[in-house]
Amino acid sequence: MVIINSSEKNEVKDYLLGQLDETDAERIELRLLSDAAFGEEFDVIVNEITDDYVGDELHADDRKRVQEYFLRSTERQNKLRFAGGLLERAAVERGAAAREQVQPGLIERVHAFWTSQSLLTRFATTFAAIVIVAGVLLLAIPGTRNSGTYAFVNLSISNSDRAVGSEIKTVRLEPGSPGIRIELSLPEQLPPSQSYRVELRDEKEVARNLKIEQQTEAKLVVVVPANEISPGSYFVRLYAVNPDRTEQRIRGSYFFTVR
Amino acid sequence: MTDNKEPFDALLEWLDADRETAAQRYEVIRAGLIRMFISNGLSDAEHYADETIDRVMKRLPEIKETYVGDPVKYFHGVARNVIREARRRKEVLIDIVPDRFLQEPYKSDASECLSQCLRLLPRDKQEFILDYHLYKGHAKIEHHREMAGELAITEGALRTRAHHLRVTLEKCVLECIDHFGRNKTHVSSHR
Chain A
1 MVIINSSEKN EVKDYLLGQL DETDAERIEL RLLSDAAFGE EFDVIVNEIT DDYVGDELHA
61 DDRKRVQEYF LRSTERQNKL RFAGGLLERA AVERGAAARE QVQPGLIERV HAFWTSQSLL
121 TRFATTFAAI VIVAGVLLLA IPGTRNSGTY AFVNLSISNS DRAVGSEIKT VRLEPGSPGI
181 RIELSLPEQL PPSQSYRVEL RDEKEVARNL KIEQQTEAKL VVVVPANEIS PGSYFVRLYA
241 VNPDRTEQRI RGSYFFTVR
Chain B
260 MTDNKEPFDA LLEWLDADRE TAAQRYEVIR AGLIRMFISN GLSDAEHYAD ETIDRVMKRL
320 PEIKETYVGD PVKYFHGVAR NVIREARRRK EVLIDIVPDR FLQEPYKSDA SECLSQCLRL
380 LPRDKQEFIL DYHLYKGHAK IEHHREMAGE LAITEGALRT RAHHLRVTLE KCVLECIDHF
440 GRNKTHVSSH R
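Protein chains in written order, with this note's numbering: chain A, 1 to 259; chain B, 260 to 450.
Please note that the accuracy of each hint is not assured.
[Claimed, not checked] With a straight-line cut-off of 27 Å between C-alpha atoms, the simulated DSS-like cross-links for lysine-lysine are:
1. B:Lys349 x B:Lys332
2. A:Lys64 x A:Lys9
3. B:Lys399 x A:Lys9
4. B:Lys399 x A:Lys64
5. B:Lys395 x B:Lys384
6. A:Lys9 x B:Lys332
7. B:Lys349 x B:Lys317
8. A:Lys169 x A:Lys204
9. A:Lys169 x A:Lys211
10. B:Lys395 x A:Lys169
11. A:Lys64 x B:Lys384
12. B:Lys399 x A:Lys13
13. A:Lys169 x A:Lys219
14. B:Lys430 x B:Lys395
15. A:Lys64 x A:Lys13
16. B:Lys395 x A:Lys64
17. B:Lys332 x B:Lys317
18. A:Lys169 x A:Lys13
19. B:Lys395 x A:Lys9
20. A:Lys219 x A:Lys13
21. B:Lys399 x B:Lys384
22. A:Lys169 x A:Lys64
23. A:Lys219 x B:Lys399
24. B:Lys317 x A:Lys219
25. A:Lys13 x B:Lys323
26. B:Lys430 x B:Lys399
27. A:Lys13 x B:Lys317
28. B:Lys430 x A:Lys13
29. B:Lys430 x B:Lys384
30. A:Lys204 x A:Lys9
31. B:Lys399 x A:Lys169
32. B:Lys317 x A:Lys9
33. B:Lys349 x A:Lys13
[To be verified] If you anchor each label on the Cβ, the simulated ranges turn out as follows:
34. B:Ile412 x A:Gln77: 30 to 38 Å
35. B:Asp383 x A:Pro225: 25 to 33 Å
36. A:Pro243 x B:Thr427: 41 to 49 Å
37. B:Asp383 x A:Thr149: 29 to 37 Å
38. B:Tyr326 x A:Lys219: 34 to 42 Å
39. B:Asp383 x A:Asn227: 53 to 61 Å
40. B:Glu434 x A:Gln214: 47 to 55 Å
The set of hints was computed from the structure by calculation and includes no laboratory data. Glycine included, every Cβ here is placed at the ideal spot set by N, Cα and C.
This is chain B alone, in the form it adopts within the complex (with noise of 0.2 Å):
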C-alpha cells in the first residue's frame, strides 16, 4: 500500500498514477513555486519551494484520501501561507530598492565572468545573443523582425531562441561569480 512507501513516492503517486508524468508534473510545480515566491518578493526561492513541498509531503498521509480537486491547487494553497508567514516574519523586502544600488556598474568579476561564458559559446552564437539585445524600442522591434528574416524562422522562434540562449548564459554567469565569491573568501582566510 501506498501508505509505507517513502513520502515522496507518494507525492509521486497522487500526482499522477504514471510515474513519468507525474516526475514532469513535480518539475512544473515546483519551477512554479519558485517563479511565485520570487514574484512575491521573497529571496531565496528555492528554499521556499522545498519548505512548501515538504509541507505537502507531510500532510498528504491525512488529506490524499479526502482531498478532490487538482493537487496543483493544494500546494497553491500552502504557498500562500508560506508567503503569509514570511512576510509576518518580515521576510520580504518593503522598501523601495534605491535606484543607485540598481544601476551600480557591473562588478569587473561579474564582467570578466560574463567574458568567460560567452567564450563558452560558438562564435554564431555569441554574435546571436548580443546582437538580439543590441537595441532599444522601435528599433529593437525592426532588428528582431531582420535577424528572424536573415534566419528564415518566425519572430516567435528567434525570441524562443533568444531566451534559451539568455537563460544558458545567465545560469553560467551566476554560477562564476558565485565561484569567485568564494575563492575570494577562501584567500581572504588564508591571509
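Just chain A, same shape as in the assembly (with noise of 0.2 Å):
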C-alpha cells in the first residue's frame, strides 16, 4: 500500500466529503482507475471516516456533510453499521482485556525498583541526587534571575477552520511573564526538513508571523512576546514553506485563548 502524504489524505477526505471542485474531484477519480494502491489507501480513509462518525469524532460540519453526501449509497450505510458493530465489539471484548493488561506507570515502576534496592544503595542514591541538583540549581539561578516563566501551550491541529469549544485550550498569562511559548505539534506524514512559516492570528483575524524558535520531526516551537498579546482568542496557521519561497497552506488551525 503507498503511503500518501498528509495533503493527498486531506484531498481524499476532501473528496470523500464533496468538497472538491470538479479538476480535483477528476483527479483523484483518475487516480482511482489506474493505481490500485491509491484505490487501497482511499479505502483505509473510508474506513477512517466511518470510525471517526461512529465514534462521535468528528466536528459537526464535517459530521454533517458525512450524512449528507459521504453515507448516501446503501455500501456506505452498511460499512457505517458494521463499523458501528465492530467497534462496539471491540470495547466490550478487549476494553476489559486492555484494562487487565495496564501497565504500570513510571511512579509504580520507579517505586518498585527503589524498594528492590539494599538500604545502603538507597542511602547512597539519596546523597547523590542532593548534590545533583543543588549544582543544577547553582548553575540555573543566575540566569533565570531576571528573566520571568513563559506561559506554556501545547496545541494540536484542529482538522477546522472554526474553533470547537473542546478544543481550544486556554493559557494564563501571568504579570511579569515575558511571554507564551507555543508548542505546535506537526500533522502527521509532512516531511521531516520541511521550512514552515507560522501565523498568528486574532479575533479580528489580524495577522502576524510568529518566529520558529525550535523544529523537531514532530513539533514547532514559537514564543509570542507578552507586550504582542492580550487577552482574547486567537488560531494559528502554518504554511509550509517550498524550496522556491511558495507557500502552502497546511488545513486546519490551532485555537487557544489567552487569559
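Using the supplied hints, reconstruct the complex from the two chains, each of which is provided in its own coordinate frame.
Have a look at this one:
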C-alpha cells in the first residue's frame, strides 16, 4: 500500500465529503481508475471517516457532510453499521482485557525498583541526587533570576477552520511573564525537513508572523512576547514553505485563548 | 484481426498488448469505478461499474483506431455520464440520512454474523483486529504506536495489516447477513 502524504490524505477526505471542485475530483477519480495502491489507501480513509463518525469524533460541520454526502449510498450505510458493530465488540471484548493489561505507570515502576534496592544503595543514591540537584540549581539561578517564566501551551492542529469548544486550550499570562511559548504538534506525514511559516491571527483576523524558536520532526516551538498579545481568542495557521519560496497552507488551525 | 474478437478480448487488447497486464488494468479500473460510484452516492455500484464497462466495449470498435490518450480517461468520461443519468433519474439520495437511522443498534443477525466471522479468524488475528479498534482520538494513536512496537513493524504496516483483516471480516459479515436474510425470506415464504 502506498503511504500518501497528509496533503493528499486531506484531499481524499475532501473528495469523500463532497468538497472538491470538479477538476480536483476528476484527478482523484482518474487515480482511482489507474492506481491499485491508491485505491487501497482510499478505502483506509473511508474506514477512518466511518469510524470517526461512529465514535463521534468529527466536528459538527464534517459530521453533517458525512450525513449529507458520504453516507448516501447503501454500501456506505452498510459499512457504517459494520463499523458500529466492530467498535462496540472491540470495546466489550478487548476493553476489559486492555484494562487488565494496563502497564504500571512511571511512579509505580520507580517505586518498585526503589524498594527492591538495599538500604545502603538507597542512601548513596539519595545523597548523590541531593548533590546533583543542588549543583544544577546553583548553575541555573544566575541565568534565570532576571527572567520571568514563559506561559506554556501545547496545541494540536484542528482539522477545521472554526474553533470548537472542547478543542480550545486556555493559557494564563501571569503579570511579569515575558510571553507565551507555544508548542505546535505537526500533522503526521509531513516531510521531516519541511520549512514552515507560522502565522498568528486574533479575533479580528489581524495576522502576524511568529518566529520559530525550535523545530523537530514532530513539533514547532514559537514564542509570542507578552507585550504583543492581550487576553482574547487566537488561532495559528501553518504554511509549508517550498524551496522556491512558494507557500502552501496546511489544512486546519491551532486554537487557543489567552486569559 | 481484433475486429472479429469477442468484445471483452478487444477491450483487454485496447488496455494493454500484454494480456496479463491488461487483465490487471481491467481489475483496477473496475474497482476504481465501484469506488467512484459509491462516492458519488450511487447504490448498487457494481451494477453501474458493469454498465460503464459494457458501454465502453460497445463503443470500442468505433473509437479504438482514433482515440488518443489513456483509456482510463475514456472510462472516466463514460462513468461521469452514467452518474449524470442516474442523478436525472433521481437514483442518488439527496436528502440527509437521518442520524437515528444510522445509529440504530447492530441487529442481532449482524451481531451473530460478526461473532461467526471473528471465530473463523485465528485467535491472534481476532485479538489484533479488536485491539486495533479499541480506542478513540489521541489514545488510539498511542495505542497503534504501542501495537506496532510490540509487533516490531512500522505503524504503516500495522495500518495495512488491520485494513486487510477488516476487509476480510467485513466481506464475511456482509455475506453472512445476506445468507441470514435469504433464509428468513425462504422460511417466511413457507409459512
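So, going through the hints one by one against the coordinates:
Distance restraint check for Lys349 (chain B) and Lys332 (chain B): the Cα-Cα separation of roughly 25 Å lies within the 27 Å cut-off, and the hinted pair is therefore satisfied. The straight-line distance between the Cα atoms of Lys64 (chain A) and Lys9 (chain A) is roughly 20 Å, inside the 27 Å bound, and the hint therefore holds. Between Lys399 (chain B) and Lys9 (chain A) the alpha-carbon distance is near 18 Å, which keeps this suggested pair within the 27 Å criterion. For the suggested pair Lys399 (chain B) and Lys64 (chain A), the alpha carbons sit about 23 Å apart, so the restraint of at most 27 Å is met.
Proximity of Lys395 (chain B) to Lys384 (chain B) is assessed by CA-CA distance (about 20 Å); at most 27 Å being required, the pair is judged to hold. A C-alpha spacing of about 23 Å is found between Lys9 (chain A) and Lys332 (chain B), which places the hinted pair at or below 27 Å, so the restraint holds. Between Lys349 (chain B) and Lys317 (chain B) the CA atoms are separated by roughly 25 Å; this keeps the pair inside 27 Å, and the hint holds. For the suggested pair Lys169 (chain A) and Lys204 (chain A), the alpha carbons sit about 19 Å apart, so the restraint of at most 27 Å is met.
Pair hint Lys169 (chain A) plus Lys211 (chain A) holds up; C-alpha atoms about 21 Å apart against a cutoff of 27 Å. Distance hint between Lys395 (chain B) and Lys169 (chain A) is fulfilled; the C-alpha atoms sit about 20 Å from each other, no more than 27 Å. Restraint check for Lys64 (chain A) and Lys384 (chain B): the C-alpha separation of about 34 Å exceeds 27 Å, so the hint is violated. Of the supplied pair hints, the one linking Lys399 (chain B) and Lys13 (chain A) holds, its CA atoms being roughly 19 Å apart against a limit of 27 Å.
Proposed proximity of Lys169 (chain A) and Lys219 (chain A) is supported: the alpha carbons are some 17 Å apart, at most 27 Å. Between Lys430 (chain B) and Lys395 (chain B) the alpha-carbon distance is near 24 Å, which keeps this suggested pair within the 27 Å criterion. Our distance criterion of 27 Å between C-alpha atoms is met by Lys64 (chain A) and Lys13 (chain A), whose separation comes to about 14 Å. For the hint linking Lys395 (chain B) to Lys64 (chain A), the alpha-carbon distance of about 20 Å falls within 27 Å, and the restraint holds.
For the proposed pair Lys332 (chain B) and Lys317 (chain B), the alpha carbon gap of about 16 Å is at most 27 Å, so the pair holds. Restraint check: the Cα-Cα separation between Lys169 (chain A) and Lys13 (chain A) comes to about 26 Å, which is no more than 27 Å; the hinted pair holds. Proposed proximity of Lys395 (chain B) and Lys9 (chain A) is supported: the alpha carbons are some 19 Å apart, at most 27 Å. A threshold of 27 Å between alpha carbons decides the hint, and for Lys219 (chain A) with Lys13 (chain A) the separation of about 24 Å falls inside it, so the pair holds.
Proposed proximity of Lys399 (chain B) and Lys384 (chain B) is supported: the alpha carbons are some 18 Å apart, at most 27 Å. Taking the CA atoms of Lys169 (chain A) and Lys64 (chain A), the gap is near 25 Å; set against the 27 Å cutoff, the hint holds. Annotation: proposed proximity of Lys219 (chain A) to Lys399 (chain B) holds, straight-line Cα distance about 19 Å (limit 27 Å). Restraint check: the Cα-Cα separation between Lys317 (chain B) and Lys219 (chain A) comes to about 56 Å, which exceeds 27 Å; the hinted pair is violated.
Note on Lys13 (chain A) and Lys323 (chain B): the hinted pairing is violated, with a Cα-Cα distance of about 35 Å set against a maximum of 27 Å. Taking the CA atoms of Lys430 (chain B) and Lys399 (chain B), the gap is about 24 Å. The hint holds against a cut of 27 Å. A distance of roughly 35 Å separates the Cα atoms of Lys13 (chain A) and Lys317 (chain B); the hinted pair therefore is violated under the 27 Å criterion. Restraint check: the Cα-Cα separation between Lys430 (chain B) and Lys13 (chain A) comes to about 23 Å, which is no more than 27 Å; the hinted pair holds.
A hinted pair counts as satisfied when its Cα atoms are at most 27 Å apart, and Lys430 (chain B) with Lys384 (chain B) qualifies at roughly 16 Å. A distance of roughly 31 Å separates the Cα atoms of Lys204 (chain A) and Lys9 (chain A); the hinted pair therefore is violated under the 27 Å criterion. Distance check on the hinted pair: Lys399 (chain B) and Lys169 (chain A) sit about 21 Å apart at the alpha-carbon level, within 27 Å; holds. Among the hinted pairs, Lys317 (chain B) with Lys9 (chain A) is inconsistent with the structure: their alpha-carbon atoms are about 36 Å apart, more than 27 Å.
Straight-line distance between C-alpha atoms of Lys349 (chain B) and Lys13 (chain A) comes to about 25 Å, which keeps the hinted pair within the 27 Å bound. Between Ile412 (chain B) and Gln77 (chain A) the Cβ separation comes to about 33 Å, which falls inside the hinted range of 30 to 38 Å. A hinted range of 25 to 33 Å is violated for the C-beta pair Asp383 (chain B) and Pro225 (chain A), which are about 55 Å apart. Range check, Pro243 (chain A) to Thr427 (chain B): about 43 Å between beta-carbon atoms, so the 41 to 49 Å window is met.
At roughly 50 Å, the beta-carbon separation of Asp383 (chain B) and Thr149 (chain A) lies outside the given 29 to 37 Å, and the hint is violated. At about 51 Å, the CB distance of Tyr326 (chain B) to Lys219 (chain A) disagrees with the hint of 34 to 42 Å. In this structure the supplied range 53 to 61 Å holds for Asp383 (chain B) paired with Asn227 (chain A), their Cβ-Cβ distance being about 59 Å. About 53 Å separates the C-beta atoms of Glu434 (chain B) and Gln214 (chain A), a value consistent with the hinted range of 47 to 55 Å.
Of the numbered hints stated above, those contradicted by the structure are hints 11, 24, 25, 27, 30, 32, 35, 37, 38, listed in ascending order.
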